[in-house]
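Take these sequences, add in the hints, and give me the full structure.
There are 4 protein chains.
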Amino acid sequence: MLSKNELATFLATEFPQTKCSVESVGLRSAKVRHEIGFEELRPGGTVSGPVLMAVADVALYVAILGEIGLEALTVTTNLSINFLRKPSADADIIGDCVLLKVGKTLIVGEVTLYSEGLVDPVAHVVGTYSVPPATAGR
Amino acid sequence: MLSKNELATFLATEFPQTKCSVESVGLRSAKVRHEIGFEELRPGGTVSGPVLMAVADVALYVAILGEIGLEALTVTTNLSINFLRKPSADADIIGDCVLLKVGKTLIVGEVTLYSEGLVDPVAHVVGTYSVPPATAGR
Amino acid sequence: MLSKNELATFLATEFPQTKCSVESVGLRSAKVRHEIGFEELRPGGTVSGPVLMAVADVALYVAILGEIGLEALTVTTNLSINFLRKPSADADIIGDCVLLKVGKTLIVGEVTLYSEGLVDPVAHVVGTYSVPPATAGR
Amino acid sequence: MLSKNELATFLATEFPQTKCSVESVGLRSAKVRHEIGFEELRPGGTVSGPVLMAVADVALYVAILGEIGLEALTVTTNLSINFLRKPSADADIIGDCVLLKVGKTLIVGEVTLYSEGLVDPVAHVVGTYSVPPATAGR
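Chains as they are written, first to last, in the working numbering: chain A, 1 to 138; chain B, 1 to 138; chain C, 1 to 138; chain D, 1 to 138.
In case anyone wonders, no lab produced these hints; they're calculated from the structure.
Just so we're clear, the structure is a prediction, and the values are computed from it rather than from any experiment.
Please note that a few of the clues may not be correct.
Note that identical chains are pooled: a pair holds if it fits in a single copy or bridges any two copies.
Only pairs whose alpha carbons sit at most 30 Å apart, straight line, appear in this in silico DSSO-like list of lysine-lysine [as the list claims (entries may be wrong)]:
no.	residue 1	residue 2
1	86	104
2	19	4
3	4	31
4	86	31
5	101	31
Below you can see the structure in the form of structure tokens.
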């Protein structure tokens, strides 16, 4: 399993444009954080849906790499999000990912998204990632 | 919150054709069981997908009624299932439901499905239920 | 591409328990029919959700086999259904499938489900199927 | 039904940060365009997933407003995306939306996403939108 620092460095190098940072990694799991500012807000003071999806995508990606290694290629094949509550305009978004299956060619995980400090989640995501045959043979 | 017995009686009366039985109900949660026999199996000795979906649907239904009452009407609007592992042909299917949101008009929950006795889930479901306005005004 | 008769014979042999019959097959597409009787109905005279999901699953399966051959193995990995309208209790369910992607290891398709004779669909399904490496190398 | 110009003006006013423009609106349908530049690309020269989801969200939003009016409130409740092919780094993304159901409280639609000039879609989205009771009574 990779350390939080290895994953954080990798993310910063490979995705310099992401605003997500790695909070923690664990067994088949990861937690990421996304600061919320003017760019992430919609009229009415809510975090835009695509921002929530992007946080979930990064949380899944970090959890998967933590499990199968940084050299692996993974491609998002399906992402399904349920918006549950209006996120806070003043709090970071936290994405809490648990992998449900780590197969040779398919990986499935779920992410619960929170506005930091609130108990009830703002959204829930299930994502499927394909590991291309080239890497799958590792 | 309704008791397990109230929900079990209701289910047996309203859905005499279901093979699901109520194992337990809790705060925004429910557990149901489905016996597996010849009718539920596909060639190759695996439980058919629609059976798994039906178990998830009942688990969500029971958890929702436990929360909002037996007189309520609910309509499944969306169900998304990820098949994770081949279920056992010899074990009951257990559906473990947790509600993620109980809103006035929309309820969202997830169900993790197991072959009894195995640790890793065989499938994972997220479902959305609509509470029609007539009942929503309760 | 396989003929309708080849697929119908295959389905009847491999899935003797299915009530679906093959209506037509075409380029990356298939249409199936499911008779509706007492067993498929819920209280209130509506077709049960799992029946609709089962019809969609067969429609996708037939369309996929029509494309990649009867010897192929495919495994449903994800199925997402939106229930749109109450199906008629007196009409067959028709499942109209179009494949959106036929990849080497992943196939994605959508199915629109109708109560025969009605214009507006009763449900819409998107499904993902995995073609295991053994067959993928064909 | 609202005109393309009315919807384009509304979108530009209400969502000044969106890069989507309205291509056309029709009966229960809409087409939008999103220019692709450096900001939308991932390493490897592919359009990022959240950008595709954002285009789908706008296409659904425009189609819905075209149907139920600009004064209506709608909230995305579920969005499910299947990534089908690698988008081109050099072509605009086109989102083609068709509404499957326009109910009083729930609206469901699908969006097929293309890299302009290519026949095969790069992604497919199904989204559900809730119309809050206040507006639902319109």
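Each hint, compared with the structure:
In this homomeric assembly, residue 86 and residue 104 come within 30 Å of each other (Cα to Cα) only across copies, at 15 Å, whereas the closest approach inside a single copy is 37 Å. When the C-alpha separation of residue 19 and residue 4 is checked against a cutoff of 30 Å, the pair qualifies only within one copy, where the shortest distance is 16 Å, while the shortest distance between copies is 35 Å. Proximity of residue 4 and residue 31 under a CA criterion of 30 Å is satisfied intra-copy only: 10 Å inside one chain copy versus 36 Å between copies. In this assembly of identical chains, residue 86 and residue 31 lie within 30 Å of each other by CA distance both inside one copy and across copies; the values are 21 Å within and 28 Å between.
Taking CA atoms no more than 30 Å apart as the test, residue 101 paired with residue 31 passes in both settings, with 17 Å inside one copy and 21 Å between copies.
Hint violations for this structure: none, all hints satisfied.
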